[in-house]
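Q: Here are the chains, one letter per residue:
Number of protein chains: 2
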Amino acid sequence: MKGKIYVYLKKQVLDPQGKAIENALKSLGFEEVKSVRVGKFFEIETDSSFSGSAKERMKEYCKKLLVNGVIEDFEVEAVEE
Amino acid sequence: MKGKIYVYLKKQVLDPQGKAIENALKSLGFEEVKSVRVGKFFEIETDSSFSGSAKERMKEYCKKLLVNGVIEDFEVEAVEE
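Taken in sequence, the protein lines are chains E and B.
Taking numbering that gives the first Met the number 0, I'd label the letters of the first sequence as residues 0 to 80.
Taking numbering that gives the first Met the number 0, I'd label the letters of the second sequence as residues 0 to 80.
Worth double-checking, as some hints may not be accurate.
[What the hints assert, rightly or not] Derived DSS-like pairs (lysine-lysine); straight-line CA-CA distance at most 27 Å:
1. E:63 with E:1
2. B:18 with E:25
3. E:33 with B:3
4. B:54 with B:1
[As the list claims (entries may be wrong)] Pairwise CB distance ranges, derived in the manner of DEER restraints:
5. E:69 with B:67: 26 to 32 Å
6. B:76 with E:63: 16 to 22 Å
7. B:67 with E:54: 15 to 21 Å
8. B:69 with E:48: 23 to 29 Å
These aren't lab readings, by the way, just hints derived from the structure by calculation.
Note that beta-carbon positions come from the ideal geometry of N, C-alpha and C, so glycine has one too.
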């Protein structure tokens with residue numbers, strides 16, 4: 000099974016890294032840039048030695064390790080094989 | 000205009016962060032995990048004060064600032080408005 004997990008800061012959380020990139024782009028002459036927000040993603044491959052759906056399993060990875068639920072949200076894209 | 004840029008390590012480049020996450024997931028009991036690779040993405044909003052297509056403009060951001068072409072590849076998803 001292959002899947003992708005996208006993790007991003009909640010809308011109401013400040014993103015200083017994004018802000019820094021926005022300023023850097025502007026100073027390079029890309030003055031049209033209005034906002035930048037940064038997130039991360041995980042490409043995960045597994046074998047099939049687990050029960051239940053791939054998507055649910057990926058959500059468990061998020062809750063147990065990959066995502067800080069206080070400040071982050073996530074989306075899961077699972078490709079079952 | 001809104002767009003997303005996905006940046007990930009080239010296949011042949013080692014990803015120690017991904018490897019660490021893979022081991023952490025396994026030690027939490029998710030023993031089915033075979034590989035994890037980590038990437039980042041940027042959500043960018045701009046106004047329309049530039050010439051040319053949004054996608055081409057985003058590629059310029061990548062080449063000038065966001066992507067290290069030696070070890071990273073990128074994909075651009077532009078939503079012109």
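Q: Could you grab the alpha-carbon distance between residue 18 of chain B and residue 25 of chain E and see if it respects the 27 Å cut-off?
A: 35 Å, violated
Q: Per the hint of 15 to 21 Å, is the separation of the Cβ atoms of residue 67 of chain B and residue 54 of chain E within bounds?
A: Given a distance of about 32 Å, which is not inside 15 to 21 Å, the answer is violated.
Q: For a C-alpha distance cap of 27 Å, please report whether residue 63 of chain E and residue 1 of chain E respect it.
A: Roughly 19 Å separates the two Cα atoms, so the pair holds.
Q: Does residue 33 of chain E pair with residue 3 of chain B here, judged by a C-alpha cut-off of 27 Å?
A: Judged against 27 Å, a Cα distance of about 14 Å means the pair holds.
Q: Between residue 69 of chain B and residue 48 of chain E, does the beta-carbon spacing fit 23 to 29 Å?
A: 37 Å, violated
Q: Checking one constraint from the list: CA of residue 54 of chain B to CA of residue 1 of chain B, max 27 Å. Satisfied?
A: 10 Å, holds
Q: If you check the beta carbons of residue 69 of chain E and residue 67 of chain B, does the distance land in 26 to 32 Å?
A: 31 Å, holds
Q: Can the suggested window of 16 to 22 Å be confirmed for the beta-carbon pair residue 76 of chain B and residue 63 of chain E?
A: 29 Å, violated
In summary, the structure is inconsistent with hints 2, 6, 7, 8 from the numbered list given earlier, while agreeing with the others.
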